[in-house]
Amino acid sequence: MTGSFTSVSDVRTRLGNAEAYLRSRSDRRSVFLTVYAEMTATIETGIESGVFDDPDWVHEYLIDFAD
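Mapping of the sequence shown onto our numbering: residues 1014 to 1080, in sequence order.
Simulated from the structure, these hints should not be mistaken for laboratory data.
Any given hint could turn out to be false.
Said to hold, decoys possible - Each pair of labels, with its calculated beta carbon distance range: (1) TRP1070 with TYR1034: 12 to 20 Å; (2) ARG1038 with PRO1068: 34 to 42 Å; (3) ALA1054 with TYR1034: 29 to 37 Å; (4) SER1062 with ARG1042: 15 to 23 Å; (5) TRP1070 with SER1022: 14 to 22 Å; (6) ASP1067 with ASN1030: 16 to 24 Å; (7) VAL1064 with SER1022: 39 to 47 Å.
Don't be surprised by glycine CBs; every beta carbon is placed ideally from N, CA and C.
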């Protein structure tokens, strides 16, 4: 994965692509990306549903953390 992430969607897409690449090669490192992608999707759902007190901060943190 190269370059900074630009959105939550970008994080999900690029994590999914990296996961698929590793899984296609039976690379066990894909497990980390599987969990990370699930966590990202769960947080995104929380942002959209108003679970967080400061969803804008969580949104930016998710992107920054992925970088």
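*How does the Cβ-Cβ distance of TRP1070 and SER1022 compare with 14 to 22 Å: does it lie in that range?*
About 18 Å separates the Cβ atoms of TRP1070 and SER1022, which means 14 to 22 Å holds.
*Go ahead and decide if the range 16 to 24 Å is satisfied by the Cβ distance of ASP1067 to ASN1030.*
Violated, at about 29 Å.
*Does the hinted range 39 to 47 Å hold for VAL1064 and SER1022 at CB?*
19 Å, violated
_Taking 34 to 42 Å as the stated bounds, is the beta-carbon spacing between ARG1038 and PRO1068 within them?_
For ARG1038 and PRO1068 the Cβ distance comes to about 36 Å; the hint holds.
_Consistency of beta-carbon spacing, TYR1034 to TRP1070, with hint 12 to 20 Å_ = Violated - the Cβ-Cβ distance for TRP1070 and TYR1034, about 31 Å, lies outside 12 to 20 Å.
*Note whether the CB distance of ALA1054 and TYR1034 lies within 29 to 37 Å or breaks it.*
19 Å, violated
*That 15 to 23 Å hint for SER1062 and ARG1042 (C-beta), does it hold up?*
31 Å, violated
Of the numbered hints listed earlier, those contradicted by the structure are 1, 3, 4, 6, 7.
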